[in-house]
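Asker: Residues per chain are reported as follows:
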Amino acid sequence: MKRRKILVVDDSTLLHRMYDFMLGGHDVVHAVDGVDALEKLAADPALELVFLDINMPRLDGLEVLKMIKADPQLRRLPVIMVSTHGEEQDTQRALALGADGYVKKPFRQDAIAQLIGTLSIAALTRAAE
Amino acid sequence: MSTATSGVSLDETARFLPHFLEETGPIVDGLGAAMVALEARWIAGERDVAAERRALGDVHTIKGNGAMMGFDPIQQVAHALEDLLDAATPVDARAGALLVRGADLLQALVQACDGGVLDPAPGAAYVADVAAALAGTDDVIVVARPLRLSPVGKAADSIRVPFQRLDDLTALAAHAAGGDLAAARVLHRALVELRHVSLAGLFDRFGRHVRELARVIGQPLELAIRGGDATVDKAIADRLGEPLLHVVRNAAAHGVEPPAERAATGKTAVATIAISAEARGNRVVVSVADDGRGLDVDAIVARARRLGVDTSTLPPHELAQLVFLPGLSTARRVSSLAGRGVGLDVVATAIRALGGAVGVVSTPGQGARFWFDLPRTLTSPDSRNLP
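Heads up: the sequence lines are chains G and D, in that order. Every letter in the first sequence is one number past the one before it in my numbering, and letter 113, counting from 1, is 108. Just remember that my numbering sits 402 ahead of the position in the second sequence, which is counted from 1.
Next comes chain G alone, as it looks inside the complex (with noise of 0.2 Å):
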């Protein structure tokens, strides 16, 4: 497995222990909003994939999804929307938006390491284009 930068955002606490444990054996960046997430993503070039939860104060994760999308430095970084029980439409809206996938809470360690896996595959192709 190779080892990723990967920024995780989210206003839970609870959430970013859980993806200290599931994520272990890559680099973990946190962010506990929007507008946090922005401010180290500007910060620091080397993250490679973000799970981004949808519902969150400040500025939520779709429009943190549209500012990733239009900005030409960050537009190819994989972002993976989170999302809970009831947020299929906005779920719909960020595939829409270009989101490269989604979990939907609860989410299992497992299920998340196959998703960076086919990432990998993704970005790659992508490159490759």
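Take the hints with a grain of salt, since some may be wrong.
Below, a sample of chain D positions facing chain G; criterion: calculated Cβ distance under 10 Å [as the list claims (entries may be wrong)]:
no., residue
1, F418
2, E424
3, G459
4, K465
5, N467
6, M471
7, E484
Listed below are the simulated SDA-like cross-link pairs for lysine to any residue, each with C-alpha atoms no more than 20 Å apart in a straight line [to be verified]:
no., chain 1, residue 1, chain 2, residue 2
8, G, K0, G, F16
9, D, K669, D, Q768
10, G, K99, D, L458
11, G, K99, D, Q478
12, G, K99, D, G472
13, G, K99, D, D485
14, G, K99, D, G459
15, G, K99, D, F418
Because the hints were derived from the structure by calculation, they are not lab data. Note that the structure is predicted; figures quoted are calculated from it, not measured. Yeah, the Cβ is synthetic: ideal placement off N, Cα and C, and Gly gets one too.
Since the structure of chain G is provided, determine the placement of chain D on it from the hints.
Answerer: Using the frame of chain G, we list chain D on its own:
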């Protein structure tokens, strides 16, 4: 594109439980007060967009955290509460009651989640009730809204005694030790008196409770306090708080009529709840009176009959006392649903345990008065042996 929807394993639930409780506990605790305040607005038919957005954020965090932990009832109740907060439908007392019930339920579920599997039934009932309320159907009977109140504080755990008094007692003790039985009797009485506190300390805390209740029922209430200078053993004052709060809550929830109904019967718009104490020698009578509609004695008798009680031989003034029967109080069902609270039967049991008696006097259209007849002093076994 990939998806993943499986839940966390039991191992992970155990591993993250402390973190879940640490973050989610304070959020559900704060949510209760926020929902009580919001309920008051909804009863008046008003929205409070800012407060609703804040609450939505909190409920969403509870939902996401509950989902991640595999606590399905928490996720489901939080989701229903989100739907309710987010609803575009007009708000009313029924929807407002569901706000408070949802918050109470989430708090109970979060408190219960370190005890193993959560009972899905209350959550499922709640989800169905919210769906029915949002659909505007009428298959939910709101018997009484669950009332959330801060717990009754206990009186201080210590008593201040002036040095002079201690010196007097020490002198008495010296005489008693020397075999002076009269001094021993005086000493005993003085020590018993020392344990007494005035009821004012307990009664004064009801100012806040009644204000809170007024917010919950969405109409003004006035509290009248009389006889707070009567003194009782501190142990009795401590154990009187909960039963007293229960009957005060009962008066606000069931006794007081809506302002329009009061106006139609020529009453003042502001209803009064009066708490009073009257010392009668070694006993004290503590009462809670309201100027509301009085007890619905016919309904109480009907329910007692359904419970299998023969009411045919009871004299008229005894019929209202049936309200203290176990299983009769409507408040009981709602309170237990909210994970706390007692029925009037439990009030009666608590008062009898103190050596007291309970009763109610109700006048149709004019109000009800619940009374507790209590000893002022707890008699200890040792004191009975004194000469």
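Asker: Confirm or reject each hint.
Answerer: Hint check:
1. F418: Since the shortest Cβ distance to chain G is 6 Å, the answer is holds.
2. E424: holds (8 Å)
3. G459: holds (6 Å)
4. K465: holds (6 Å)
5. N467: Constraint on D/N467 satisfied, holds at 5 Å.
6. M471: With a minimum Cβ separation of about 7 Å from chain G (threshold 10 Å), the hint on D/M471 holds.
7. E484: Since chain G brings a Cβ to about 7 Å from D/E484, closer than 10 Å, the hint holds.
8. G/K0 to G/F16: holds (15 Å)
9. D/K669 to D/Q768: Judged against 20 Å, a Cα distance of about 9 Å means the pair holds.
10. G/K99 to D/L458: holds (19 Å)
11. G/K99 to D/Q478: Between G/K99 and D/Q478 the Cα gap is close to 15 Å, so the pair holds against 20 Å.
12. G/K99 to D/G472: Judged against 20 Å, a Cα distance of about 12 Å means the pair holds.
13. G/K99 to D/D485: holds (19 Å)
14. G/K99 to D/G459: Holds. G/K99 to D/G459 sits at ~18 Å (cutoff 20 Å).
15. G/K99 to D/F418: holds (18 Å)
Violated hints are absent here; each numbered hint is respected by the structure.
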